[in-house]
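Asks: So you can see what is in the structure, the chains are spelled out below.
There are 2 protein chains.
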Amino acid sequence: MSTPNVIRIGLCGFGTVGQGVWKHLAGARRALESRLGAGIEVHRIAVRNPRKARAVRLPAGRITTDALAVAADPKIHIVCELMGGTSLAREVTLTALRHGKIVVSANKALICDHGAEIFATARRHGGHFLFEASVAGGIPIIKALREGLVANRFPRIYGILNGTCNYILTQMEEQDAPYASVLDEAKRLGYAEADEALDVEGWDAAHKASILAWLAHGVWVKPRQMVVEGITRITPADFKNAAMLGYGIKLLAVITRDLDSNELSVRVHPTLLPEGSVVANVSGVFNAVSVTGDVVGTTLYIGRGAGQDATASAVISDIADAAALLVHGKGSHLTAAETLPARNGCRLAPPEHIKCRYYVRLTVKDQPGVLARVASVMARHHISIASVIQTPGEDDRAASLVLTTHESHERAMNATLRDVARLASVIGEPVLLRIGDFND
Amino acid sequence: MSTPNVIRIGLCGFGTVGQGVWKHLAGARRALESRLGAGIEVHRIAVRNPRKARAVRLPAGRITTDALAVAADPKIHIVCELMGGTSLAREVTLTALRHGKIVVSANKALICDHGAEIFATARRHGGHFLFEASVAGGIPIIKALREGLVANRFPRIYGILNGTCNYILTQMEEQDAPYASVLDEAKRLGYAEADEALDVEGWDAAHKASILAWLAHGVWVKPRQMVVEGITRITPADFKNAAMLGYGIKLLAVITRDLDSNELSVRVHPTLLPEGSVVANVSGVFNAVSVTGDVVGTTLYIGRGAGQDATASAVISDIADAAALLVHGKGSHLTAAETLPARNGCRLAPPEHIKCRYYVRLTVKDQPGVLARVASVMARHHISIASVIQTPGEDDRAASLVLTTHESHERAMNATLRDVARLASVIGEPVLLRIGDFND
Numbered sequence: 023m024s025t026p027n028v029i030r031i032g033l034c035g036f037g038t039v040g041q042g043v044w045k046h047l048a049g050a051r052r053a054l055e056s057r058l059g060a061g062i063e064v065h066r067i068a069v070r071n072p073r074k075a076r077a078v079r080l081p082a083g084r085i086t087t088d089a090l091a092v093a094a095d096p097k098i099h100i101v102c103e104l105m106g107g108t109s110l111a112r113e114v115t116l117t118a119l120r121h122g123k124i125v126v127s128a129n130k131a132l133i134c135d136h137g138a139e140i141f142a143t144a145r146r147h148g149g150h151f152l153f154e155a156s157v158a159g160g161i162p163i164i165k166a167l168r169e170g171l172v173a174n175r176f177p178r179i180y181g182i183l184n185g186t187c188n189y190i191l192t193q194m195e196e197q198d199a200p201y202a203s204v205l206d207e208a209k210r211l212g213y214a215e216a217d218e219a220l221d222v223e224g225w226d227a228a229h230k231a232s233i234l235a236w237l238a239h240g241v242w243v244k245p246r247q248m249v250v251e252g253i254t255r256i257t258p259a260d261f262k263n264a265a266m267l268g269y270g271i272k273l274l275a276v277i278t279r280d281l282d283s284n285e286l287s288v289r290v291h292p293t294l295l296p297e298g299s300v301v302a303n304v305s306g307v308f309n310a311v312s313v314t315g316d317v318v319g320t321t322l323y324i325g326r327g328a329g330q331d332a333t334a335s336a337v338i339s340d341i342a343d344a345a346a347l348l349v350h351g352k353g354s355h356l357t358a359a360e361t362l363p364a365r366n367g368c369r370l371a372p373p374e375h376i377k378c379r380y381y382v383r384l385t386v387k388d389q390p391g392v393l394a395r396v397a398s399v400m401a402r403h404h405i406s407i408a409s410v411i412q413t414p415g416e417d418d419r420a421a422s423l424v425l426t427t428h429e430s431h432e433r434a435m436n437a438t439l440r441d442v443a444r445l446a447s448v449i450g451e452p453v454l455l456r457i458g459d460f461n462d
Numbered sequence: 023m024s025t026p027n028v029i030r031i032g033l034c035g036f037g038t039v040g041q042g043v044w045k046h047l048a049g050a051r052r053a054l055e056s057r058l059g060a061g062i063e064v065h066r067i068a069v070r071n072p073r074k075a076r077a078v079r080l081p082a083g084r085i086t087t088d089a090l091a092v093a094a095d096p097k098i099h100i101v102c103e104l105m106g107g108t109s110l111a112r113e114v115t116l117t118a119l120r121h122g123k124i125v126v127s128a129n130k131a132l133i134c135d136h137g138a139e140i141f142a143t144a145r146r147h148g149g150h151f152l153f154e155a156s157v158a159g160g161i162p163i164i165k166a167l168r169e170g171l172v173a174n175r176f177p178r179i180y181g182i183l184n185g186t187c188n189y190i191l192t193q194m195e196e197q198d199a200p201y202a203s204v205l206d207e208a209k210r211l212g213y214a215e216a217d218e219a220l221d222v223e224g225w226d227a228a229h230k231a232s233i234l235a236w237l238a239h240g241v242w243v244k245p246r247q248m249v250v251e252g253i254t255r256i257t258p259a260d261f262k263n264a265a266m267l268g269y270g271i272k273l274l275a276v277i278t279r280d281l282d283s284n285e286l287s288v289r290v291h292p293t294l295l296p297e298g299s300v301v302a303n304v305s306g307v308f309n310a311v312s313v314t315g316d317v318v319g320t321t322l323y324i325g326r327g328a329g330q331d332a333t334a335s336a337v338i339s340d341i342a343d344a345a346a347l348l349v350h351g352k353g354s355h356l357t358a359a360e361t362l363p364a365r366n367g368c369r370l371a372p373p374e375h376i377k378c379r380y381y382v383r384l385t386v387k388d389q390p391g392v393l394a395r396v397a398s399v400m401a402r403h404h405i406s407i408a409s410v411i412q413t414p415g416e417d418d419r420a421a422s423l424v425l426t427t428h429e430s431h432e433r434a435m436n437a438t439l440r441d442v443a444r445l446a447s448v449i450g451e452p453v454l455l456r457i458g459d460f461n462d
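So the sequence lines, in the order shown, correspond to chains A and B. So for the first sequence, the working numbering puts the first residue at 23; every next one is plus one. So for the second sequence, the working numbering puts the first residue at 23; every next one is plus one.
Worth flagging that the hints you see were computed from the coordinates, not collected in a lab.
Since the list gives no way to pick one copy over another, a pair counts as held whenever it fits inside one copy or between any two copies.
For lysine to any residue, the following SDA-like pairs were computed, each having C-alpha atoms within a straight-line distance of at most 25 Å:
no. : residue 1 : residue 2
1   : Lys262    : Glu297
2   : Lys45     : Arg175
3   : Lys244    : Arg175
4   : Lys45     : Pro177
5   : Lys262    : Asn303
6   : Lys244    : Leu370
Throw the hints in and build the complete structure from the sequences for me.
Replies: Below is the structure:
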């Protein structure tokens, strides 16, 4: 392709994010064009239903319902796939890449499910696939990992990657309110989807963790290969117990690599974090990503993780990089699809290899000998107890028993919980949370 | 220049940072080379004194004392200027750029003093000048501003840009210790230079603020055009007073642009920050930069702001970008010298245009009527008092009087302080701190 005077963009999808990109691209266009020395034009917009009511009116004369035609349109240089879903989105993405175009995407589920295929297609056809908006919204974390921290290997990356969950947890803690009522309020305010499962069960964070793990370690880890636990079983009492122990509770994605054994662990679960740590104090819909590099030490990135404007900011930065590639040549290897992150012998650790401290909350019958029985099960599995908090339960025949452990193996902990749950004096399922003693 | 098979680097300077780059480049080289598809070699190293004892031994066979010869060496593609100073460093930089080379620099004073000349030279000769390491050490803040947040205009950027000052302030607060003794300890531990003035008087932070302001707004603002105040007059009592008012104290660089009037303000001064804010809780040698974009909202970046390893991480990321430019073509416009940030009508506001809330500490004679006299001076200048704290002074004939104001103009505040200092009952110079009600 020779150097174009006008960079033509095709937008596939004109929902919240698509409208944000349209709006803010109009605002940033003059500055971008003067930097590039070339024009930028949204050439076509594909929508499923042109008659749907939208906050931003569809610009006349460029609308189509055929996203695949946009992907194949020889006049279009950059295709922004902002439809969501993984079926038509995949076809659109692969079609555009096969035509040598640059694809910009915010679609974490697509990347997580089909990333290997997408990057291989981009490489084969000399196209590029950019995805800054897929993780942590407006925070330029993809660029930081790929380029800014390129001198580093990453023993630990962890963070708050789902704003909905963080909003719910923050409200539960601040208002001492139960999960269900806070979820209802979050839906009313538009902070949670009508079907909240993808967020609150941890799958959205797992998709993002998968992308970060691939960028940092060159290995695709699917959510089904991870420990993924959501926030639905957390109660206001858990926040009080955690506070007594000096912790807050956050839903974290945690990606660790042992630089000696080269074992990689990727997981998503509610985590007790020291209450003085910066990440424990990131509240509401904000995201935070802590990146520890073997050279740079720990760096931390905080910002809005979702929403129209933050996501549009990231999409437009990818459009700017894409336009620069088109105008100035093939450009930086670091955004080029042909340079995939190196695996360097890294391999996925089985989940049982996780080692950490644990928080266990049991509802038990309020009768003598219960603590002794629980403690002896733990002793049998060589789990060492660090602290015990017993408080009255919801009715006067039950009590709440909270135990924290010293560092233990996930395998032993799981076996312990199975046996504890079988005790006649234990009511219902134990709640297990992990403790992350991350102080930086 | 045709695509080279081996990228040859010249290091000018082999002090703390140079040794760090040498060491960590050796560690990262294989990964970088496999991404690039080209070799990377440190070809020559220029030092002032080859016989000086160094923690890392000088690699034999590549040493010279002639930095200008390295800058002009036709075999060398990338020159890393890590000598410090602004005289020989400027010559080396300009020489290398005139030869069309890429220069990587960590030298904030050089950029601040000679940035306009350096970037113009790079543009004229098709070279590039990269400077990620010049601000906030290992945090990739330059890349975030230039590329990741390219869709944004920046109404406010502020942050902790000097780790030495932040270490001293943190120790003063935590140990209730006076400035002088903490400074001595910081020197002993290597956190402060033998000549500490550049750090503690705010000039180092001002150099960095100048670079960030240029990147964000396209205007070079020299430190002498800014309000620059250091930390030397802060006492442990100031921390106690601030805490009573719900604030911590940080040395901040603050860059604000009024998007309506297009007035730019750049300043460095100790600032009272709400104690719950994340930046107020960034302690020790860490840096933090808060960037508010008109699209993305507020994003925050935290990490080690100095030191051998963090700085080397940033220098190596620039080397990687430079190598990619050489191997893959001209590359991203965003790191190219020919695309300077746009000024867009932005102009520097006179310092008197600053408007904020103020904290004033006076040492006064402990006699009746003092508060009335101070208050009436303030009333005469239309400065509205928000709170008053009076505490016993160091001897029993003096008292400490702390006043905070509602939002006022810097001009009126300066006039007020002049008049207050002239009162017979006021002892010594008033201490003025600014209050930054930045909650995000």
